[in-house]
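J.: Chains as they are written, first to last, in our numbering: chain A, 20 to 291; chain B, 439 to 699.
Bear in mind the hints are in silico, worked out from the structure with no lab data behind them.
All C-beta atoms in this analysis are idealised placements derived from N, C-alpha and C, irrespective of residue type, glycine included.
Possibly wrong hints are sitting among the right ones.
[To be verified] Label pairs and their calculated CB-CB ranges:
1) A693(B) x L109(A): 42 to 48 Å
2) S489(B) x R201(A): 31 to 37 Å
3) F448(B) x E151(A): 37 to 43 Å
4) V142(A) x L451(B): 24 to 30 Å
5) V566(B) x F78(A): 28 to 34 Å
6) A544(B) x D135(A): 43 to 49 Å
7) P54(A) x S489(B): 30 to 36 Å
8) L196(A) x Q606(B): 37 to 43 Å
9) V454(B) x A82(A): 23 to 29 Å
10) L29(A) x M483(B): 53 to 59 Å
[Unchecked claim] Derived list of chain A stretches under chain B, where covered just means 3 residues or more per stretch with a C-beta under 8 Å from a C-beta of chain B:
11) 99–112
12) 197–207
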Amino acid sequence: MGEGYLPFALPVLALLIGVYVIPLVAVLAASVTDPVPGLANYERLFTADGPRRVLSATFRICALTTLLAVLGGYILAYAVVSAGRRGRMLLLAAILVPFWVSVLIRAFSWLILLRDNGLVNDVLIGLGLTEEPLALVRNELGVVIGMVHYLIPYAALPLIAAMQQLDMRVIAAAKSLGATDRQAFLRVYLPMTMPGVFAAGVIVFVFSLGFFVTPAILGGGRVMMMSEYVSVNVLQTLRWGFAAAQATVLLVITLIAIGALSRTVGLRKALG
Amino acid sequence: MIRDGVRHPFARLFAVLAAVLAVFLVAPLLITAPISVTTTRYISMPTEGVSARHYIRIFTDPAWRGALWDSVRVALGASALALVLGSAAALGMWRQAGALVGAVRALILMPLIVPPIVTALALSGSWVRLGIFDTTGGVILAHAIVALPFVFLTVSASLDGLDPRIEQAARSLGAGRFQTLGRVILPNILPGLGAGGLFAFVISWDEVTVTLFVSSRAVFTLPRKIWADIRDNLDPAVAAVSVVTVLVTVAICLAVVGRRR
Numbered sequence: 020m021g022e023g024y025l026p027f028a029l030p031v032l033a034l035l036i037g038v039y040v041i042p043l044v045a046v047l048a049a050s051v052t053d054p055v056p057g058l059a060n061y062e063r064l065f066t067a068d069g070p071r072r073v074l075s076a077t078f079r080i081c082a083l084t085t086l087l088a089v090l091g092g093y094i095l096a097y098a099v100v101s102a103g104r105r106g107r108m109l110l111l112a113a114i115l116v117p118f119w120v121s122v123l124i125r126a127f128s129w130l131i132l133l134r135d136n137g138l139v140n141d142v143l144i145g146l147g148l149t150e151e152p153l154a155l156v157r158n159e160l161g162v163v164i165g166m167v168h169y170l171i172p173y174a175a176l177p178l179i180a181a182m183q184q185l186d187m188r189v190i191a192a193a194k195s196l197g198a199t200d201r202q203a204f205l206r207v208y209l210p211m212t213m214p215g216v217f218a219a220g221v222i223v224f225v226f227s228l229g230f231f232v233t234p235a236i237l238g239g240g241r242v243m244m245m246s247e248y249v250s251v252n253v254l255q256t257l258r259w260g261f262a263a264a265q266a267t268v269l270l271v272i273t274l275i276a277i278g279a280l281s282r283t284v285g286l287r288k289a290l291g
Numbered sequence: 439m440i441r442d443g444v445r446h447p448f449a450r451l452f453a454v455l456a457a458v459l460a461v462f463l464v465a466p467l468l469i470t471a472p473i474s475v476t477t478t479r480y481i482s483m484p485t486e487g488v489s490a491r492h493y494i495r496i497f498t499d500p501a502w503r504g505a506l507w508d509s510v511r512v513a514l515g516a517s518a519l520a521l522v523l524g525s526a527a528a529l530g531m532w533r534q535a536g537a538l539v540g541a542v543r544a545l546i547l548m549p550l551i552v553p554p555i556v557t558a559l560a561l562s563g564s565w566v567r568l569g570i571f572d573t574t575g576g577v578i579l580a581h582a583i584v585a586l587p588f589v590f591l592t593v594s595a596s597l598d599g600l601d602p603r604i605e606q607a608a609r610s611l612g613a614g615r616f617q618t619l620g621r622v623i624l625p626n627i628l629p630g631l632g633a634g635g636l637f638a639f640v641i642s643w644d645e646v647t648v649t650l651f652v653s654s655r656a657v658f659t660l661p662r663k664i665w666a667d668i669r670d671n672l673d674p675a676v677a678a679v680s681v682v683t684v685l686v687t688v689a690i691c692l693a694v695v696g697r698r699r
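Isolated chain B, as found in the complex (with noise of 0.2 Å):
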């Protein structure tokens, strides 16, 4: 690259002030750490010896059990509908041009761009139409709509990728429509897919605002859990909810990091 012969200017300044910055990111999430094995029922730091008293509580208390297990639920159900549902706009948009295109991209972007009160508002009235209200499958639908953009994103991305003649290849060699996208054209977007699947993952396992409003007692998800006790009072375990979360986000990081390699 030609960028490696020249050297930026102030270089070395922004490379200190960018230190700086970085502490300020990655500080907040350590702070977790000690506060999660400490000895009290209160936040405070660990200063009369280290318990997992709220690591074991996490997983045995029945209120958090629960919490996490219709989290992984709504999870896996929403990222598979999202990747979907995403998938088949993405495909269904490809390659077309025209007025009308514009606009049914922009209406299928919707979901990101509309700000997420707004889409909680106009979720919550039809859900309760639709009698899916505080139902697993009504919160997985509405996750599903949340993420749909990030995995239309990501494999509009992929496909726009793909080298037009191994389509053509197949088609000339008899392939029909199906089997060149069922043999050809979607195992060649696999990481595009599995990207836009963890992307979904991700958003369903966070989302919180438009939950709060197509739930109630019935589905109750951790993120819901977390945002009520941070609410009335601070809770130690979820300082030990978010040393996990941290631990698995680094996880998945480094795996992603590593098979790029």
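With the rest of the complex left out, here is chain A (with noise of 0.2 Å):
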């Protein structure tokens, strides 16, 4: 004991500092030396309108996608800690083979679905509620429906967890006290879920900022946001240096979360 084996960590960090993170810090340093040094790719990304626009449209969906997510997850994942054995295996099927699924898959079933000819728009037309196809992708709202099934199980599975750890006394002590359902549930297990429900609202945020398949598809190409204005940049207009600034813009946001939740959490048990 004591000893350990820390020689075994010590090849995997050369290589991972060798061909990731040094080429990392290049690219990222590319931001204020390309194409000419300053700060001129910055200045851009906030004053310019098409990068702000991104820049916006980004920040809503995320938004608009977390508050979705968790709300959805904590309802499953009350279900699933409220219910028989029964239904909660139901639940946690229905939370884990979608959660297994390939992000592709998910995001052409959803095209299918919502587009103009899909199967979504002829019930609706079929039951009279709309004459005209409604537009429900290719737009932020289909790509917010995709992004929030695809996250919603990654709100439900920590929720669940913490959950599962609290004392149920807790809220027989509240109920023979007099406490109504209501108050049991608003005053006492909202309260005491909400370090569960803020880890949950990181992870889901910090993954939606990412995304970049999901919005491509659901969006195409009218709603951008930054993960695929990033390939654009790289990839059709050559400009490295503004992608560069973009993706640092990105992963400074994303760092500021995941420090938000080591603070108050705990990154290895939000992660767990």
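Could you use the hints to bring the two separately framed chains together as a complex?
T.: Right, here's the structure in full:
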């Protein structure tokens, strides 16, 4: 005991630093050197119309997605911990199966469901609820639907873990002291689960910031989020320095969110 | 458990809402089934009979077969490499304490924390310089780096759950460090290693963002093929791939759940 196996980690660290960390720093450094030294790339990013629209769309979509995914995850998690054995198995299956299915295939499924002549519009028209097909995809609505679908399991799983650890005797105590169901839930249960809600919110928000595939497919080129904008700038317009500035901003926002998470709940606990 | 004695407030209301959400989660995965058996070359409901043509195509068409084969090779290689690297890192950091340890842990978790597009940019330039851009080995290494944190977290959790007395017992009976590792520690964390490897395989199998930036024509994995097809023309073959994937996923989930009992 005591001596451990530290030498095992050294080659892995050397590899990571050599092929990943140093190139990462070099790429980010291009934001202040390419095409000319200075902060011009950042100035453009925060002042020009196009880049600002991308920035605000990214925040709007991520905030709405986080809100809805955590709400959905909370409802599912609560139902999982309060359901009987059978109900719990069914709900867990509904959470876990999509969790393992490819992001591309899920985006593809939503695309064919939500497009103008897709099943959802067919049903709405068939029921007489609308005459013209509704624009459900190739816009922010479609992106949010796809992202919420992807991220609900990521919110539900940590919330299930948090709720399973709660001491339900507290609820029993509240009830025996005369609390109604409503009071017991809103004033006792909900506050006790807030650290879990916060952790789930940060995890979902961080993942949503980095989304690339879902917005690219369900946004259909009309909704541009930061990740896709970075790729457009690298692959199509070849503005490396500007793409690097975008990547740096994306990374900094992510690190701030992760920092807030590790301050309050502990990174390992939240990820585990 | 105490839980069973106390009723959750509004349990029924939450159960109804959760059932609606469960439908929202699962229903989109089912829509691909009817489309995959359509007789047409475009996406449609099978109104005029059913056909297996799209299933036959994904296993016989050279482009789909090539993509399938590339994905199998890459995912096997990447999961093996990620398993070795991630387990070595987990063993190395096991029971270490000190100021540096937090920083090293953060470094190992970086590919998980850094947005995929940023990782893709970093690896893209690096792979060109190393001469491994658009090679099977290069894609394997890129995927292994992306999957590394998941193996690290899974194996670390297994190691933390290990009873320290079994190691003490092995050492006090005269086993050396490597003997203890190979014959006591590793066999005892086998489920963790298995889970880590499976995790890495699934991540590599699905990876598209980084793959788009470290490969071009020579290596064309299944997600890249699907990505290209969705963006050009919606092909029912994607629905057939989707059905096969969902079935395999459900089978693996059932097998894992079955073994836990």
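J.: A separate judgement is required for each hint: does it hold in the structure or not?
T.: Status of the hints after comparison with the structure:
1. Range check, A693(B) to L109(A): about 18 Å between beta-carbon atoms, so the 42 to 48 Å window is missed.
2. At about 56 Å, the CB distance of S489(B) to R201(A) disagrees with the hint of 31 to 37 Å.
3. At about 39 Å, the CB distance of F448(B) to E151(A) agrees with the hint of 37 to 43 Å.
4. Between V142(A) and L451(B) the C-beta distance comes to about 26 Å, which sits within the given range of 24 to 30 Å.
5. Here the CB-CB span from V566(B) to F78(A) is close to 33 Å, well matched to the stated 28 to 34 Å.
6. Distance hint for A544(B) and D135(A): a CB-CB separation of about 46 Å, consistent with the stated range 43 to 49 Å.
7. For the pair P54(A) and S489(B), the supplied restraint of 30 to 36 Å is violated, since their beta-carbon distance comes to about 54 Å.
8. Between L196(A) and Q606(B) the beta carbon distance is about 49 Å. The supplied range of 37 to 43 Å is therefore violated.
9. The beta-carbon spacing between V454(B) and A82(A), approximately 27 Å, falls within the hinted interval of 23 to 29 Å.
10. Between L29(A) and M483(B) the beta carbons are some 58 Å apart, a value that agrees with the proposed interval 53 to 59 Å.
11. Coverage of the stretch 99–112 of chain A by chain B holds. Counting CB-CB distances below 8 Å, 8 residues qualify, and the rule asks for three or more.
12. Remark: the stretch 197–207 of chain A is confirmed as covered by chain B, as 4 of its residues place a Cβ nearer than 8 Å to a Cβ of that chain, reaching the required three.
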